[in-house]
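Visitor: Residue strings, one per chain:
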Amino acid sequence: MLAATEYYQRYYGSKLGVIWAFLNPLFRILIYYLAFTYLIFRNRDPQFILYLFLGITVWQYFSENTNKGVTLLKGKKYLIQNVGMAKSDIFFASALSTSVSFALNVFLYCIVSLWFDVEYSFTSLLVIALFFNLFLIVVGVSMILSTIHLYFTDFKHVWDISLLLGFWTVPIIWDSAYVYTTYPFMLYGNPITGILVNLRNVLLYNSTIDLSVFALDFAYGFLFLIIGFGLIKRFSFKVVERV
Amino acid sequence: MTNANNIVSLQHVSKTFTVFDHHGKNLGQRISQALGWGKARKIKVLDNVQIEINRGDFVGIIGKNGSGKTTLMHMISGAIKPNKGGVVNRVGSFIRLSLGMGFNPELSARQNVLLNASILGVPLKEIRKQFDEIIAFAELGSFSDTQLKFFSTGMRARLAFAVAVLVETDLLLMDEFFGGVGDEAFKKKAHKVFNESLLKDKTVVLISHNMETIKKYCNRVFVINDGKVSCFEDPSEAIHFYRNNVLGMNSENQSNSESLDP
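Just so you know, the sequences run in chain order A and D. Just so we're aligned, residue 1 is where the first sequence starts under this note's numbering, counting upward by one. Just so we're aligned, residue 1001 is where the second sequence starts under this note's numbering, counting upward by one.
Pulled out of the complex, with its shape left as it was, chain A reads as follows:
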């Protein structure tokens, strides 16, 4: 219910309402197409628009969720102190509400990609596992950030800057082949990079995933989740104590 309410709230008051959830990614693809075909990188592979769209979709899911996640405990204090809502449920519900947009983005990507002659096979279904991995990471990281924010209120600004830095360390615009050759530590040290590389493998190149990266990223996901659960269990009661 909280997830549904959060999702609805995003479009509350707008005339077109939830239709924006479809229009937004559609216009985004169109704008990338026009910008990257006629203005920037004119000699690029036409599939670069799809490459970029997947990168931005993954990054937006991560950044939107974690950005919201930083203040989630404080923002939902009224549910914790008045009806005793389980704190972990708040994080799952929040990530779930954004997941709908993510799923819509991927769905529209798949439709548009057919126009660019992208082929799909059974391995493309691994997108579900990759998304689940991303979901775990987002929930775990949000729990960690939100607990830190209870003690360090300026942390929201620190995270804003970290996300800006993160955008350029993940191969969203630049070629992900570099991470294998020049910057391998980024592939193994940053799970978002690994998920993105594997997502492109299954949804753009019709190839299989890198299993070692896949396993490592799941380990990251569970690790973040365990740390997150531990932190909110130990420290999150502070949210009721602090204004």
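If you're looking for bench data, these hints aren't it; they were derived computationally from the structure. The reader is advised that the hints may include incorrect statements.
In silico lysine-lysine, PhoX-like type, Cα no more than 20 Å apart, as pairs [unchecked claim]:
no., chain 1, residue 1, chain 2, residue 2
1, A, K233, D, K1081
2, A, K233, D, K1084
3, A, K238, D, K1081
4, D, K1149, A, K77
5, D, K1216, D, K1200
6, D, K1149, A, K74
7, D, K1081, A, K77
8, D, K1200, D, K1189
Chain A side only, calculated, beta carbon under 7 Å to chain D, not exhaustive [as the list claims (entries may be wrong)]:
no., residue
9, M1
10, T5
11, Q81
12, N82
13, V83
14, G84
15, M85
16, F237
17, V240
18, E241
Don't be surprised by glycine CBs; every beta carbon is placed ideally from N, CA and C.
Fit chain D to the given chain A structure using the hints.
Guide: Coordinates of chain D only, in the frame set by chain A:
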């Protein structure tokens, strides 16, 4: 010895808050304060508290403003943890009613009711079925789809009360709630529901400055003074203790004070 009826037990519980009085003047002070290294003051709100609440109890909490009544209430619900001592909490679900009760102001009354009641385990079908009744009870007929930010405090309080009527919780927490719940007519209606159905099989913890309410409903009263909690089985005795030992009032003053609305 364990009491089977016991749902909350605070054993030698103490709670201290850390308060920063001023913002740092220069960047260094601000950074150290942000990291929690700044000059801080410790305020002991609860000191070695030992209380028990049993199923079906109607417990009153009285004390001066800022004495730690709400902190004790949060401790009972399990929303905050003590620095010292242990809490045995067997409360499955609770709802806390307070005047500034934090519904989400960006959501409508309908969404807030759906959200809160569903968290408290009421099936969506049931909430939808009873929604019109809730809105009618709260006298919010034409405002059911209005965002709560446009509601007055009284309207919010009425909505909160209506939600509390709908849900089945183990524990009902009322934090100085009744006084602002509406006009006289609504208060009368709320008191009637409170007596006839809301209290049925419920454990209630009530914070109030209205000694009449405390005397009328409570079977046990906790008086807070300087972090210490004194427990009384007889409300009249508790009120007498509060007036004499906490407020320092003589019997002449007593008849004219604290009989107003909670």
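Visitor: Please go over all the hints and tell whether each is borne out by the structure.
Guide: Verification of the supplied hints:
Between the alpha carbons of K233/A and K1081/D the distance comes to roughly 11 Å, so the proposed pair stays at or under 20 Å and holds. At most 20 Å may separate the alpha-carbon atoms for a hinted pair to count; K233/A and K1084/D meet this at roughly 17 Å. Between the alpha carbons of K238/A and K1081/D the distance comes to roughly 8 Å, so the proposed pair stays at or under 20 Å and holds. For the suggested pair K1149/D and K77/A, the alpha carbons sit about 17 Å apart, so the restraint of at most 20 Å is met.
About 16 Å separates the Cα atoms of K1216/D and K1200/D, which keeps this hinted pair within 20 Å; it holds. For the proposed pair K1149/D and K74/A, the alpha carbon gap of about 18 Å is at most 20 Å, so the pair holds. Annotation: proposed proximity of K1081/D to K77/A holds, straight-line Cα distance about 15 Å (limit 20 Å). For the hint pairing K1200/D with K1189/D, the CA-to-CA distance comes to about 16 Å; that is within 20 Å, so the pair holds.
Of the supplied interface hints, the one on M1/A holds, with its beta-carbon coming within about 4 Å of a beta-carbon of chain D, less than 7 Å. Because the closest C-beta pair between T5/A and chain D is about 5 Å apart, less than 7 Å, the hint holds. The interface hint given for Q81/A holds, since its Cβ lies 5 Å from the closest Cβ of chain D, which is under the 7 Å cut-off. Nearest Cβ of chain D to the Cβ of N82/A: about 5 Å, under the 7 Å cut. The hint holds.
Given the 7 Å rule on beta carbons, the hint for V83/A holds: about 5 Å separates it from the nearest Cβ of chain D. Contact between G84/A and chain D, as hinted, is supported at the beta carbon level, the nearest pair being about 5 Å apart and thus within 7 Å. The interface hint given for M85/A holds, since its Cβ lies 5 Å from the closest Cβ of chain D, which is under the 7 Å cut-off. Contact between F237/A and chain D, as hinted, is supported at the beta carbon level, the nearest pair being about 5 Å apart and thus within 7 Å.
Among the interface hints, the one on V240/A holds; its C-beta lies about 5 Å from the nearest C-beta in chain D, closer than the 7 Å criterion. Interface restraint check for E241/A: the shortest CB-CB distance to chain D comes to about 6 Å, inside 7 Å, so the restraint holds.
Of the hints listed earlier, there is not a single one the structure fails to meet.
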